[in-house]
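Visitor: This is what each chain is made of:
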Amino acid sequence: MQYLINGLTIGSFYALVALGYTMIYGIIRLINFAHGDLFMVGAFMGWTVLGVFSATHAPVAVVLMISLLVAMAVVGLLAVGMDRIAYQPLLRASRLSILITALGVSLALENGALILFGAGFDTYPTNLLPTTTFLLGGATVSWVQVGMFTLSLLLMLLLYLFVQHTAVGTAMRALSFDQDAARLMGVNVEGVIMITFLLGGVLAAASGVMMGLYYTQINFLMGFLMGLRAFTAAVLGGIGNIPGAMVGGLLIGVLQSFAAGYISSQWQDVIVFAVLILVLVVKPTGIFGERVVERM
Amino acid sequence: MQTKRLAALVATAATASLLLAACGGSTSTSSSASQPIAIGVPVPLSGPYASAGQDIVNGAKLAAAKINKAGGVLGRKIEIVPADDQCDPQVGAQAAQKLVSQNVVGIAGGYCSGASLPESTVFHSQGDLPFVMDASTNPQLTEQGFNDIFRTIGRDDEQGPFAANFIANYLHAKKVVVMDDNTTYAAGLAANTISALKSQYGITADHEVITAGQSDYSSVLTKIGQMHPDVLYYTGYFTEAGLLLKQARAQGLKFTMMGGDATNDPTVLSTAGAAANGFIITTSPLAQFLGTASNYVSQYQAAYNKAPGPYSVYEYDAVSVLASAIKSAGSTNAKKIDAALHQVKDYKGLTGTFSFNKIGDRVPAAYITIIVKNGQFTAYQELNSSGQWVPVP
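Chains A and B supply the protein sequences, listed in that same order. Take the first sequence: its position 288, counted from the start at 1, is 288 in our numbering, and no numbers get skipped. Take the second sequence: its position 19, counted from the start at 1, is 1019 in our numbering, and no numbers get skipped.
It cannot be assumed that every hint is accurate.
Computed, partial: chain B to chain A, Cβ under 10 Å [as the list claims (entries may be wrong)]:
1. Lys1077
2. Leu1243
3. Gly1252
4. Thr1271
Source of the hints: derived by calculation from the structure; they are not laboratory data. All C-beta atoms, glycine included, are put in the ideal place defined by N, C-alpha and C.
Build out the structure end to end from the sequences listed, making use of the hints.
Guide: Printed below as a string of C-alpha cells:
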C-alpha cells in the first residue's frame, strides 16, 4: 500500500510532463527533447519567486499560488518563444533537423540555468508545507501528497476538457489528424501550435514547482532524467494520446516504486525500461495506441 | 575539452619552468645557515578544488608564522613553498619535481589522493624527503613500503570500524541496515562497516544500494522500514542523505539515521529541514568541532576573513610536527628527519594528541561523530584513548 502511494505521487509528476511530450508529438510529430528542461526552468522560477516573497509576511497559501502561477506563465511564454524561434521555421524541413534543434534547445536551457543559478543544488524552503499525515490501509499518507495528486489530476482534467470541448481544442485535434486539411479549413495552424506549446510549458512548470516543493532539491540537470522518464511514460501510454500519457505517467511511477520496494532500488530503472520494451514488442503503439484523432 | 587543453598548456608551462628552475638551482645546493628552511606544499591551486588548496596553504602559513615568531627551527626561519598540482597525477608529479628543485627540506600537504600518490614516489626517489600529508586519505598511500610518508589525517578504511564501534557500543543497535550509492568510495565504506560489525560485534547488517541522482527514495525506505532496523547508516553523499532523511521522516519512520563523512554538508540541513535533527555523521573532526582548535579558528578568521575549511587545521599540524621533527633531528638531512618523525610520540597537535605507526599512519585515528541539533551540526561523541565513548570537549 505504501508503495502504491509513493508511486502515485511521483507518477503524477511524470504524467504532467508526459502530457507536454504527447501533445507536441501529436500535433507536429516532434519529440521535444527540451521539454524536460522546461520542467527544470519551472522549478527554478518557483524557487526564485518564493525567494522574493520569503521576506514579506504574506500568507503561505498566497505565496505558493503566486509562485506557481508566475512559474507557469513564464515557462508557458518560454515554450512559445522556443516554438517561434527554433521550431516554426523548421516545420517544413526534415524531421531530423527539427529533432536536432530540440536537442540544441535542451542544451541551451540547461547551460543557461547553469550560468544563472550555478552548478550546485538549490533548496526550496522546508517550512512552507504542513507535515501532517494520516494512516490509510497501513500506509502513511501526507496531506501534501494528497494535495499534489489532486492538483495534478485537476490540471489533467482541465486539459482534457479544453481539448475536447473548446474551439481551439477542436482545432488541435484537427491539426493532429491532417495539418494541410486543417489549414485549408481555415485553422490558424501556427497559432494552434503555439497554444499547444504554451499548454505543455504551463503543465511542465506546474510539475516543476510541485516537485521542488515536495523534494526541496533542485538542480540545473534535473530536467534530463525527468524528461527521460516522462518520455517513457508518453511512449508507454501511446505517444500522441492524452489519457495515455496520464496513465503511462502514473504506471511508471508505481512500477518504479514496486521495483524499488520488492526487488532493489538499483534495479528499478532496469525493470521500468524492460516493461517498456515488453509493451512495445507486444503492442508497438503503446497501451492506448496512437489514435490521436479519435481518443484525444 | 577546453579544460584538457588548458591543463596541457599549464603542464607545458610547468615543465618549462621546471627546466629553468633545475638549471638555476643546481649551483645553490649548499644550504647556508642563514637561509630559511623550505617546506613544500603541493595542493590544487587552480581548477575546481582551488579553494580547498588555498585553505591548506593558509593553514601552513599560519603554522610557519607561529614557529618563526618563536625563533624558528635550528636558528632558521620556516618558509612555505606552495606548488599547484591541480589534483592531477601528471601535474602532481611535475609539481613535486619543481619542489625538489627548489630545495625543500620536507613536504607537508596534499589534497587529492590521486595526485599525492605520484608525488610521494617523486619525494621517495629524491633521497627519502619526508612527506607529511594533511588530507589524502587513500589507504594505499602509506602501504607502499616507503619510510618517508606520514599523515595527520585518518585513512578511508578506518572509518568503517569506527562507525561499527559507535553503532554497537554507543547506540547498542541490534538490527542495522547499511546503504550506499554504488560509488567506489561509498561502497568501500559500506563493505568495511558491514565486515567490522560482523567480525567484531557479531551484528549481521542488511545491505541496500540506491542509485544516486533520483529524487524519490521513498519506496526503498518503506522496504527498510519493514525490516524495523535500529540504525540506518548511509555511506554515500550529502545530496541523497538530505532526501533520505526528509522522506523517511515523512513516512513516520523513526530509526536512527547516520551518514558517512561525505554527508557532512549544509545541503543536508537545507534539504531536510526539521527532519535533519538527530542525524549523526561519522567524520574527521573539523576545526570548528575541536575545542583544542578554537583559537586557530578565530586566528584564521582574522587573517583570511573566512572559515578555515576542513583540512587547513590538519595542515597546521602537519607543518608543526614536521618542524618539531627537524628540530629534534638537529639537522635538515632527510633521512634523519624521517627517523625523528617515526619517533614522534603523543604529539599534542590542534587536532588532538597523536603518534605515527610503523607505516606512518596517524594513531589513534582521527574520527568523531557529529549530530544535527536544532538545525545545526554540533560535536557529539568521540573515542578516548581507552576506547570509551565520551562527549567531544
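Visitor: So, against the hints stated earlier in the document, which numbers end up violated here?
Guide: Number 1 - this is the single hint that the structure violates.
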